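Novice: Using the hints provided, position chain B relative to the given structure of chain A.
Number of protein chains: 2
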Amino acid sequence: MTAMPSPDTLKRLATIVGDRYAIQSPRDMVPYLIEWREIWTGKTPMVLRPSSTEEVSRILAIANETRTTIVPQGGNTGLVGGQLPFETGNEIVLSLDRMNRIRKVDAANYSMTVEAGVTLKTVQDEAANADRFFPLSLESEGSCRIGGNLSTNAGGLAVLAYGSARDLCLGLEVVLADGRIWNGLKSLRKDNTGYDLKSLFLGAEGTLGVITAAVVKLFARPAARATGFAALPSLQAVIDLLSLARDMSGSRVTAIELFPRNGLEFTFKHFNVRDPFAAQAPWYVLIELSGSGDLDEVLTQIFAEGAEKDLVLDATIAQSEAQRRDLWYMRKAIVEVQKLEGGSIKHDVSVPLSHIPQFVPDGIKALLEYMPGARPMPFGHVGDGNIHFNVSQPIGMDKQQFLSHWHEMNMVLYDVVLKHGGSISAEHGIGRLKRDMMSKIKSPVELGMMRDLKKMFDPNNILNPGKVLPE
Amino acid sequence: MTAMPSPDTLKRLATIVGDRYAIQSPRDMVPYLIEWREIWTGKTPMVLRPSSTEEVSRILAIANETRTTIVPQGGNTGLVGGQLPFETGNEIVLSLDRMNRIRKVDAANYSMTVEAGVTLKTVQDEAANADRFFPLSLESEGSCRIGGNLSTNAGGLAVLAYGSARDLCLGLEVVLADGRIWNGLKSLRKDNTGYDLKSLFLGAEGTLGVITAAVVKLFARPAARATGFAALPSLQAVIDLLSLARDMSGSRVTAIELFPRNGLEFTFKHFNVRDPFAAQAPWYVLIELSGSGDLDEVLTQIFAEGAEKDLVLDATIAQSEAQRRDLWYMRKAIVEVQKLEGGSIKHDVSVPLSHIPQFVPDGIKALLEYMPGARPMPFGHVGDGNIHFNVSQPIGMDKQQFLSHWHEMNMVLYDVVLKHGGSISAEHGIGRLKRDMMSKIKSPVELGMMRDLKKMFDPNNILNPGKVLPE
Numbered sequence: 001m002t003a004m005p006s007p008d009t010l011k012r013l014a015t016i017v018g019d020r021y022a023i024q025s026p027r028d029m030v031p032y033l034i035e036w037r038e039i040w041t042g043k044t045p046m047v048l049r050p051s052s053t054e055e056v057s058r059i060l061a062i063a064n065e066t067r068t069t070i071v072p073q074g075g076n077t078g079l080v081g082g083q084l085p086f087e088t089g090n091e092i093v094l095s096l097d098r099m100n101r102i103r104k105v106d107a108a109n110y111s112m113t114v115e116a117g118v119t120l121k122t123v124q125d126e127a128a129n130a131d132r133f134f135p136l137s138l139e140s141e142g143s144c145r146i147g148g149n150l151s152t153n154a155g156g157l158a159v160l161a162y163g164s165a166r167d168l169c170l171g172l173e174v175v176l177a178d179g180r181i182w183n184g185l186k187s188l189r190k191d192n193t194g195y196d197l198k199s200l201f202l203g204a205e206g207t208l209g210v211i212t213a214a215v216v217k218l219f220a221r222p223a224a225r226a227t228g229f230a231a232l233p234s235l236q237a238v239i240d241l242l243s244l245a246r247d248m249s250g251s252r253v254t255a256i257e258l259f260p261r262n263g264l265e266f267t268f269k270h271f272n273v274r275d276p277f278a279a280q281a282p283w284y285v286l287i288e289l290s291g292s293g294d295l296d297e298v299l300t301q302i303f304a305e306g307a308e309k310d311l312v313l314d315a316t317i318a319q320s321e322a323q324r325r326d327l328w329y330m331r332k333a334i335v336e337v338q339k340l341e342g343g344s345i346k347h348d349v350s351v352p353l354s355h356i357p358q359f360v361p362d363g364i365k366a367l368l369e370y371m372p373g374a375r376p377m378p379f380g381h382v383g384d385g386n387i388h389f390n391v392s393q394p395i396g397m398d399k400q401q402f403l404s405h406w407h408e409m410n411m412v413l414y415d416v417v418l419k420h421g422g423s424i425s426a427e428h429g430i431g432r433l434k435r436d437m438m439s440k441i442k443s444p445v446e447l448g449m450m451r452d453l454k455k456m457f458d459p460n461n462i463l464n465p466g467k468v469l470p471e
Numbered sequence: 001m002t003a004m005p006s007p008d009t010l011k012r013l014a015t016i017v018g019d020r021y022a023i024q025s026p027r028d029m030v031p032y033l034i035e036w037r038e039i040w041t042g043k044t045p046m047v048l049r050p051s052s053t054e055e056v057s058r059i060l061a062i063a064n065e066t067r068t069t070i071v072p073q074g075g076n077t078g079l080v081g082g083q084l085p086f087e088t089g090n091e092i093v094l095s096l097d098r099m100n101r102i103r104k105v106d107a108a109n110y111s112m113t114v115e116a117g118v119t120l121k122t123v124q125d126e127a128a129n130a131d132r133f134f135p136l137s138l139e140s141e142g143s144c145r146i147g148g149n150l151s152t153n154a155g156g157l158a159v160l161a162y163g164s165a166r167d168l169c170l171g172l173e174v175v176l177a178d179g180r181i182w183n184g185l186k187s188l189r190k191d192n193t194g195y196d197l198k199s200l201f202l203g204a205e206g207t208l209g210v211i212t213a214a215v216v217k218l219f220a221r222p223a224a225r226a227t228g229f230a231a232l233p234s235l236q237a238v239i240d241l242l243s244l245a246r247d248m249s250g251s252r253v254t255a256i257e258l259f260p261r262n263g264l265e266f267t268f269k270h271f272n273v274r275d276p277f278a279a280q281a282p283w284y285v286l287i288e289l290s291g292s293g294d295l296d297e298v299l300t301q302i303f304a305e306g307a308e309k310d311l312v313l314d315a316t317i318a319q320s321e322a323q324r325r326d327l328w329y330m331r332k333a334i335v336e337v338q339k340l341e342g343g344s345i346k347h348d349v350s351v352p353l354s355h356i357p358q359f360v361p362d363g364i365k366a367l368l369e370y371m372p373g374a375r376p377m378p379f380g381h382v383g384d385g386n387i388h389f390n391v392s393q394p395i396g397m398d399k400q401q402f403l404s405h406w407h408e409m410n411m412v413l414y415d416v417v418l419k420h421g422g423s424i425s426a427e428h429g430i431g432r433l434k435r436d437m438m439s440k441i442k443s444p445v446e447l448g449m450m451r452d453l454k455k456m457f458d459p460n461n462i463l464n465p466g467k468v469l470p471e
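Heads up: the sequence lines are chains A and B, in that order. Using the working numbering, the first residue of the first sequence is number 1, and each one after it goes up by one. Using the working numbering, the first residue of the second sequence is number 1, and each one after it goes up by one.
Careful, some of the hints might be misleading.
[What the hints assert, rightly or not] Derived lysine-lysine pairs resembling DSS-like cross-links, with alpha carbons at most 30 Å apart: (1) K442/B with K419/B; (2) K455/A with K442/B; (3) K186/A with K440/B; (4) K309/A with K104/B; (5) K365/B with K442/A; (6) K365/A with K186/B; (7) K455/B with K454/A; (8) K186/A with K454/B; (9) K440/A with K309/B; (10) K455/A with K309/B; (11) K104/A with K186/B; (12) K455/A with K186/B; (13) K454/A with K186/B; (14) K454/A with K440/B; (15) K121/B with K440/B; (16) K454/A with K121/B; (17) K442/A with K186/B; (18) K399/A with K43/A; (19) K11/A with K455/A; (20) K104/B with K365/A; (21) K104/A with K269/B; (22) K442/A with K455/B; (23) K440/A with K269/B; (24) K186/B with K269/B.
Source of the hints: derived by calculation from the structure; they are not laboratory data. None of these values were measured; they are calculated from a predicted model.
Next up, chain A with everything else stripped away, as it sits in the complex (with noise of 0.2 Å):
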């Protein structure tokens, strides 16, 4: 249970970033408060914006000792509610927009040093300007922050090449709960002395400690891309595709992207873009490749021995770079359309790639037995198992209504994930919306572990409790 912060404490707190960047009016916090899909609205006595680590150090002591709740955020475009406090009021959002300062850019080392506030696009642009990349990339990457995606270990569209944002870090700045700083912004790639501290921070989705800031990696920036478009018979088909493209390519398949039809004909019907082929196919994938050379080369050779293996039914590659956008144009387009046909329950899942093929009817056998007439729309990054198994309701059905089975369908389809072996959360995180998921999904022993976690590292529980681990 939280408990309201006293005026005495919020005056305190208020003091260490200054009048100005501890919000208190109920106009200005609403960004920080509302969640851009309206699932929930958080509410809380007051927003601090602090500058620097320091005050954040300064922040969480007080918290600490005053039992004071603190819920860090970033951007505020987290999808599991992770970053908003809770309804009763009691907690103090952190916010971390105002640290966003690049620390350090060191191009020979292939590293940045940035602060948590710092958007990823930021992130992004400064690597560009060094001539090098940062390949993390989300739909939300104009507003998300580097120290959120740390936090939450964000995936996205390049994690099938490039890892994970866990993966891309090489250090890391952590408060923690009681103000200790911790200074682990190391920049090497190699460092074999003692136990991995950094990875337990980076998907804890604050619950730990405040990343305040972190070294990431950097890559060679990629000359050359090619881009491709394929109709495929089967899932099967879209699992060999990858093999052989990356055999044939040396491994540089940077994006594989599932379509099914379902999801491209609600494209070509709410948006101006037509059916690249003559014949249609169960299933299409956008799929890209990276790094130097004739790549367009390559990926006609791909398409062309996909063909010969009857992997591939029809395909086409990207001539420009306009081309290359309308491809990935229909990437951003299979999940705004959702929107325009009625309600949509989502679903961020995983499986081995392996599973794919038998999980993908097993899960759409299982919708459509909980809700005939359902229209699942499994999309999204094939190559990592990951699938954004989305559901839009039955023609005709209202719209709330249909919503309202949001939890069973999850369930019913978190099911069929489990017997796959398969993540309920591949990259989305726990936050709110799926705690009470944690002890279904894991044994008493890994829950145990993580419990036993979360004591030693927030002992008063003052940081986002209720968020991951249920209470």
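Specialist: What follows is chain B alone, placed relative to chain A:
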């Protein structure tokens, strides 16, 4: 302080594995107690060789109950003494060498589930049998075991492109100090459901739990390789050539290994190897590209462009698999020749890549100030910022007298390493060799977190005590 297990405890432990696999004969114990460089010889009342996770679990439960200390061991190839019991003779050695089953090869998922006692070579071979590639590669790969590789976060020759052991692991099975089994054998590329427990055990050198099995990542087998050897005018040229090669190859540089002129001269002197170039140069690199296509052509272009930019003085590219092996033989030879030049004091250090051009001369200067006539030979995984900064004895000095400077000479170099933001153990770990350095290289905050973790996971301090953390 460890205490000698009682005869009753020894009997209970032996019963679990059967007398045949509870070694008490001094002669049969030898392979488990000597260290190949003969720095230490361990002592133990019993070597236990369980064949299953269940047996490991029962052993640890009894050990925890009776406060019997356990030293987990893989292939006994570690370089910092982490795998050996102390000379007290009170500690039980727990060898994982009989847990050597491949549980599952999942080629479509690019993963393999292996028990801890499988040798690294076998993991590589099984991957190849499935037309896949497991990149971890070390000199000891024929005898080291994957459980040890993971427990020490082993590095080696392929870290530049594929990461170290921690990066190659998708899931773990671990027996905790009290005998509970954690089944974390997930084979997912994306799973954001709570804290990253796996990374804690990876690199903990058996002090937090005993790794009994793992799911490792596999990759596409490179269809093509290009291997070259180049003479360079400076260390800055090494760093710049790596950037150039990454840009021009589309990030397909899979190795770049550094050789100083004196190291090559040792090789020419002791082995049947000729200088490939007419003129001498201060620095050399072995560079390898892996992937597909005509990589020899790409490497030729890289060397030509490097020569144009004054980064490369001379270069040669292997024209056959035999020539490729010859180039890699130089890398093996530089380790061997050091034994033939008298005493050699070893360092396994890393700095940010951008610091290499200043760090190496700073290191040489400090070493020569400490001991005029000493022959520093910085070589190795320069692309990771990881230099094996070994020092051969001055000509004519007594070997034992030279080696008596081991610790002091380490301290001289470590000071330079720390000034450059580096690590005193890039890939070999801490073990017993470097544990007393921990309070020098870690902040009280960081050391405090490590101690708290150790207490949490192993409250009775039965797992490899006195390793990693000072007592």
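Novice: Of all the hints numbered above, which does this structure not satisfy? Sort the numbers upward.
Specialist: Result: hints 5, 9, 10, 11, 15, 16, 21, 23, 24 break, sorted rising.
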